[in-house]
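**Q** This is what each chain is made of:
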Amino acid sequence: MLSPQQTTADPALAGALRMLAPDGTRHPCPELDRWVADVTPEQLRLMHRDMVATRRIDREGVALQRQGELGLWAPAEGQEGVQIGTAHALRRDDFAFVSYREHGVAYARGARIVDFISIWRAEEHSSYNPFDIGVSNPQIIIGAQTLHAVGYAMGIQRDALRAAPGARADQASVAYFGDGASSQGDVHEAMVFAASFAAPVVFVCSNNQWAISEPVALQSRTPIVQRAAGYGIPARRVDGNDPLVCLAAMREALHRARTGGGPGFIEAVTYRIGPHTTSDDPTRYRPAEEVDAWRRRDPITRLEAHLRSMGELSDAQASDVAAFGDRVAAEMRAACLSMGTKAPLAIFDDVYAQPHSGVEREREEYRAYLSGFEDGEVL
Amino acid sequence: MLSPQQTTADPALAGALRMLAPDGTRHPCPELDRWVADVTPEQLRLMHRDMVATRRIDREGVALQRQGELGLWAPAEGQEGVQIGTAHALRRDDFAFVSYREHGVAYARGARIVDFISIWRAEEHSSYNPFDIGVSNPQIIIGAQTLHAVGYAMGIQRDALRAAPGARADQASVAYFGDGASSQGDVHEAMVFAASFAAPVVFVCSNNQWAISEPVALQSRTPIVQRAAGYGIPARRVDGNDPLVCLAAMREALHRARTGGGPGFIEAVTYRIGPHTTSDDPTRYRPAEEVDAWRRRDPITRLEAHLRSMGELSDAQASDVAAFGDRVAAEMRAACLSMGTKAPLAIFDDVYAQPHSGVEREREEYRAYLSGFEDGEVL
Amino acid sequence: MVQMTMAKALGAGLRAAMRDDPRVLLLGEDIGTLGGVFRVTDGLLGEFGAARVIDTPLAESGIVGAAVGLAFRGYRPVVEIQFDGFIYPAFDQIVSQVAKLHYRTRGSVRMPLTIRVPWGGGIGAAEHHSESPEAYFVHTAGLRVVAVSNPADAFVMLRQAIASDDPVVFFEPKRLYQGKGEVELDRPLADARPMGLATVVRAGRDVTLVAYGAMVRTALDAATAADDEGVSLEVIDLRSLSPLDHATVDASVRRTGRLVVVHEAPREAGLAAEVITGVAERCFDALRSAPVRITGHDLPYPPAKTEQHFLPDLDRILDGVDRALGRPNSMTGMAP
Amino acid sequence: MVQMTMAKALGAGLRAAMRDDPRVLLLGEDIGTLGGVFRVTDGLLGEFGAARVIDTPLAESGIVGAAVGLAFRGYRPVVEIQFDGFIYPAFDQIVSQVAKLHYRTRGSVRMPLTIRVPWGGGIGAAEHHSESPEAYFVHTAGLRVVAVSNPADAFVMLRQAIASDDPVVFFEPKRLYQGKGEVELDRPLADARPMGLATVVRAGRDVTLVAYGAMVRTALDAATAADDEGVSLEVIDLRSLSPLDHATVDASVRRTGRLVVVHEAPREAGLAAEVITGVAERCFDALRSAPVRITGHDLPYPPAKTEQHFLPDLDRILDGVDRALGRPNSMTGMAP
Ligand SMILES: Cc1ncc(C[n+]2csc(CCOP(=O)(O)OP(=O)(O)O)c2C)c(N)n1
Ligand SMILES: Cc1ncc(C[n+]2csc(CCOP(=O)(O)OP(=O)(O)O)c2C)c(N)n1
Ligand SMILES: [Mg+2]
Ligand SMILES: [Mg+2]
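Line order of the protein sequences matches chains A, B, C and D.
Residue numbering for the first sequence follows the numbering used here, starting at 1 and increasing by one per position.
Residue numbering for the second sequence follows the numbering used here, starting at 1 and increasing by one per position.
Residue numbering for the third sequence follows the numbering used here, starting at 1 and increasing by one per position.
Residue numbering for the fourth sequence follows the numbering used here, starting at 1 and increasing by one per position.
FYI, nobody ran anything at the bench for these hints, they're computed from the structure.
A couple of the hints might just be wrong.
[Claimed, not checked] Lysine-lysine pairs mimicking BS3-like chemistry, simulated, CA-CA at most 27 Å apart:
{"#": "1", "chain 1": "D", "residue 1": "305", "chain 2": "A", "residue 2": "342"}
{"#": "2", "chain 1": "D", "residue 1": "305", "chain 2": "D", "residue 2": "180"}
{"#": "3", "chain 1": "C", "residue 1": "305", "chain 2": "C", "residue 2": "180"}
{"#": "4", "chain 1": "B", "residue 1": "342", "chain 2": "C", "residue 2": "305"}
Between the sequences and the hints, there should be enough to build the whole structure, so can you do that?
**A** So, in C-alpha cells, the structure goes:
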C-alpha cells in the first residue's frame, strides 16, 4: 500500500501529494485536506465540466489545425487537472500570467471560445482583453511572464499601502510556467524578487515531463519543487492530474499570499499527452508506453470516477456535460470558420498608445502603395 | 560555548562551518577536518604570506587611486581568507573564473604585480594572459563568468572523453561570484547547466554582506547556500574569514568534481571592509559599528594568531612577511608610476582574430586623421 | 529659473512626476539609501518611502520584468539601469515584452515604463561603463527613445517620458551629469516643447551638424570654432531618437545642402546611418556633397586611457565639416 | 554536385565541420534526439554522440555562456538558437562577452563560436518566431554576421563560420529551409568564395538591388519581372552583413547610379540605412537618384495572417525600383 502522501511507484511522482487516486478513490491528505473540506459536489461538478470543456477545446484545436484552419495548436490534453484545479481556487480579482498552453486557465476564468481562435489562427497575437478575465495574454517567451506576475503582485501590495498605510494586500497573482521554463534566468529572478518583497504571487510549475523533446531530467536532477526552498518560498509538490489536490494546494498558497505570507510555489506533476505543438512529432523522442501509462492517470476520468463513486454524477448529468462539451466544440469550429482577416492597414494599429510620426508616415505610404492595385484590396 | 559548527552569535554567520576562531584557536570541524589533516605549518605560512601580499596590493591600489594614479580600485580588504584559502586548494591546471574583486585569487595563482595595474589604470581591459595563470580576466558583468566556468568544466569533461572513452575529468573550474550576483539569471542558469551535465565546477559565493549599498537580505531571505540544494548541488556554508575552513571546503568540492561527483557550492561568509570601489561612499548606507565588528574577525590576524599559538610564526618570520608585503607594494607603485599609455592606433588591435576589412579601413582613416596634427602624436 | 546640474535636474524631474502622480514609482539597484550611484534619486526614498523608491535585487531582467508587471497593475514605473552596459541582461524583456505588449494586446495593456540609462563615455570609466546602445532600441519598434543634452531638457523630458503612455528608453549622458544649466521648475509641462521634436540649438548656413546627448556640446564647440574660420554650422540636437524629427533635419539640410552627423556609438548600422539615409531619401536633390559621419569606431569601447581616440571631438567634427565642404581634410587623397 | 534542401545542406556543413575537427561541438535546445525543430542536426547525435551534440537546458544565456566557457577550453562551439526571437535572452552574453572577449584579453582568448539563428518571417509562424534581429549584431563590433540565401552558400559558409577564429552570427532564412539547390559536397573549403564577400547574383545595368537572406530570391524574381519591362536590375546578395563588402556594392552603384536595398527587418536604423549611407559616403557623385529602402515596417512583427503586408515582395520591390528610376510609383505626389 502506498502511504497517502506517496502517490505512486513512478519516480516522476515521488513525494507528490495526492487526494484522488487514478481510480477516483479519495485518500486522506493531512497536509492539505482542510483546504478542500468545504468543497461541495456541485463545485466538483463545475470543475469537471470545465475540464471536459477544456479538453474539447483542445481536441478541436488540434483538429482545426490538422484541417488547415489554424496555424498551430499547443495541446493541453492531460493537463486539465492542474489547470482547472488551480484556476478554480482563484478569485475574480486575482490575476494569472500564463504560457501558451494554459487553455484551461483562460477558459475557467471566462475567456470566450472565440478567444482561442484568433491567436492560433495567427489573426492576432492575442485576443481577449486580459483585464476582462484576469489572465494575461499567453506568453511565448519561456519564463518571461513569471516576472510580470511578481511585478503585478508588487503592485497589489502597493495598492493596499496606498489605500491605507500598513494595509495588506488581499489579492494575488499567479505565474504559470513549465518544467522547461524552470531553467530560464527569468524564473529565478522572479523567485528572487518574490521572496525579497514577500510579494503575493503563486508560482505554478506544470511539470509535464517534457520541454518539446527534452525530458525534465535534463532541466533538473532533483524535483523542481526543491528549488523553492532555496529562496525561502514555501512549496508543495502535488499530483497535477488530481484536480482536487491542485485546488487544495492553490488555496493554501493563495491564502498565504493574501494574508501577508508572501509567495508560494506549487510543482504539479503532470504529463503532456499530445505533441508539444501540432508541428511536433513526439514519436521521435518518447515511447508510446510512456504516454499510455500516463493516459491511465487521466485527470478527467479520475474526477469523474470520484464523483460517480460518491453518487454525485449520474449518467444523465454526465451526458449533459458531454453535450455541453460538444456545444463548446461546435461553437469553436463555427468561430474559426467564420473568422476573417483584418484589413491590411490594421497592422499599423496599436504599435504605440499615443500618436507616432513614424508609424503614421509608414501607414500613409502603405495606404498609397495598396491603392495602386487595380483589384482594389480593401483598406 | 558555541558548538564547533556554529561560528558565532551573529546571524550573518549562522550555520557556517569554522576551524579557526577569530582569536586563532583551532576548533574541530568534523565535517571538513580530514581535508586539511595534511596541511603543514609551512603551507599555512604560505597562505599567510599571500594574504598579507593581497592586502598590501589592495591598500596600495586604494592609495594609488586616491593619488590619481589609478582610475578605480575595488577593495578586497577583509576577503583575503576566502580568496587565498580557496585558491590554495587549486592545482596549476585548474581554471578560475573571477570577478573584479578577486585580487587574492589572481595573486595566489601567479599574476604579476603589474597585472593589477593596467586594468585599474584603465590602460587595458585586462592584463595577464588567462592561460598563463589559470584565471580568467576579471569579469565586470555581474554573474556572467559563472556560465563560462560551467562551459569550461564541460570542456574538461569532453577532453577526458576524447582522451579515452568513459574517462573522467581530473581537473576542475571555479566560478567566483558575490552575494549580489546570486540574484542574476546567469548564475541560476550556470547552476542548472552544472547540475544537468554533472560538470566539474565549484561555485564560490563570496557573501560579503553587501552589493554596493544593498544588504544581502535584499537578495535573499535565506542563506544563499540553500540555493544549491534546489539543483542537487552539494554545498557548504563556511566562515569566509577562516582561511583554513575555506581551504578545506574547497578541497572537498574540488575532489568531488575531479572524481566525477559533479559540481559543488561554497558560500563563504565574509565582509567587505572597504567601500564597494573607490567611487563609493559606504557611510551613506552602513554604520561604522558594523564594519568595526567585522574588523575584529580579520582573516589575516586570525591565521597569524593561529600560527603564533602553534609556535609556527616567529617575530622574525612575521617581519619577513611584512617586509615582503612592503616590497610587493613598492613594486606595485613603481609599476604604476612607470606605466605608459599605448599608442592611439593600438585601440584597433585585437577586435578580431582574423583580418577584418571594416576595422582595417577605420584604422587607416584614423591614422590619416592623426597624421594631420602638427604636434606629431606618436602612432 | 534656477541653475542646477543635470543630475539634480533629473532628480527634480522624478520628484515632480512622483508628486503629480502616485502611480509613478522607481525601481533600480542602489537607488534608495544610496540615492543611486550618480545620486540622481538622492532624497527620494526619504520623501516617498520604500514602496515607491525600490531598491531591487541585482538582476536587470528582473527589474524590467517586474516593472512590466507593475504596469499591468496600472503603475508607471521608472527603472534605473545602473550603467549603459548593464542594460543587455534586460534586453529580452525590453524587446520582446516592453516594446511589444501594447501591440500584442491590441492596445489593452499599456506600458508606460521609463527606462533611464546613464549613458556613454568620456568619464574615464571601466569596461562596460561607457556604452552607447541607443541604436538597438531605435531599431526596436514599439519603443520611444530620447537622449538629453542639458539640464533643462533633462527636467522636462524625463517628466514627459514618464507621462507618456508608451515605453521610453531615456538616455542620460553621464559626462554631463555634473554640468549646470538653467531649469524652469515651475513651468507647466503642457507648455514644453514636445518630447518628439528636435531643436535647432544654433542656426547656421553652411553645414547641418546633427548631434544628440553629450555630443551636442561638442558640436556647439565645433560650431564656435568653425565660425572663426568663417564657416557657419547649424547645430541640431535630435533629442528624440525614435521617432526622429525628420522635419527639422530636412528643413535644415534643404538650406545648407550639407550634412554631418555625430555620435559616440560605433558607426556601422548606427543612428547616423539612419539620419543620413532619411535625408538622402527625402532631400536627395538638396544634398550638395556626400554626407559625413563622425562617430565612435567599430570597436568594443576601448580602455578609458585611450577613449579620446574613440570619441568624436571638436577636431574630428571640424575635419568632417571640411569633408562636407569639399575642403582639404584627413581623407583627402584616400581611396574611397 | 547534389541537389539538397538548405536544411540538409546545413546539416551536411555541420557534419563536415565535425568530421574535420574534433573540437567542433553543437549546443542547443532539442538538437539531439529530435534533430532540431527544423531537423538541421538530424542524425548528428547518432554519428557524434551526446558529448558533441548537446541538448541543453532551456536557457539561451546559459547556452551561449557555456559555449564561451567551452571556447576558453579550446572548443569551437556551434550554438543553435531555436528561433530568431529567442536570441534576446542571450543578448548580454553575445554583446558583452562573445563580441568583446578577444578585444578585452588583447587576443589571448579566442571566441570561435558560431551562433546559428533560424531567421525571419514568411512561414506563418506565431509571435516571436519571425524576427529579423540582424542589425543589432551588425552594430556590435567584435562579431561577424552572415546571412545565407541558398543551399550551396549554406553548406560552405557554415563551415567557413565554424572555421573562423572570430564569433559569427549565422542567419538561416527559415522559409528557405526546404528550398533545394545544388551543393558541391567535395569541393575544398579553401577554394570557396571568402565568407566576407558579397556576390553579384544577376548582372544588370539600370538599378543596383541589394538584398540578403530570403530576400535574394524575391529580388531575383523582381529582376526577372523588371526585365519584361525593359529594366535591367543588378542583384547583389550581401552574404556577409558584417563586415559589409563595400567594394562589390560600390562598383555596381558606380555603374548603375541607382540603389534599392531590401530587407525584411524594420526600416528604422536597419541594415539598409548602413548600405545606403556607405554608398552615399563613398559614391555620392555616382548616385543619380535618391536611394530607396524596401523593408519591413517599423512594427513588431504582425500576426502571420497579415505578414504579407509586412514583408517586402516582388511588387513592393518593383515599386521601389520605379522610385529609383524616377518613374511613377506609389509615392508619387506624396509630400516627402
Ligand atoms: C526563450 C524561449 N526559448 C525557446 C523557446 C522555444 N520553446 C517553446 S516551448 C518550449 C518548451 C517549453 O517547455 P516547458 O517550459 O516544459 O513547457 P511545456 O511546453 O511543456 O508546456 C521551447 C523550448 C521559446 N518559446 N522561448
Ligand atoms: C549586470 C550588472 N549589473 C550591475 C552592475 C553594477 N555593479 C557592479 S558591482 C555591483 C554589486 C555586486 O555585488 P556582489 O555580487 O555582492 O559582489 P561584491 O561587489 O560585493 O564583491 C553592481 C550592482 C554590474 N557590474 N553588472
Ligand atoms: Mg514541459
Ligand atoms: Mg557582495
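**Q** Can you list which hints this structure breaks, lowest number first?
**A** Of the numbered hints given earlier, the structure breaks none, since each of them holds.
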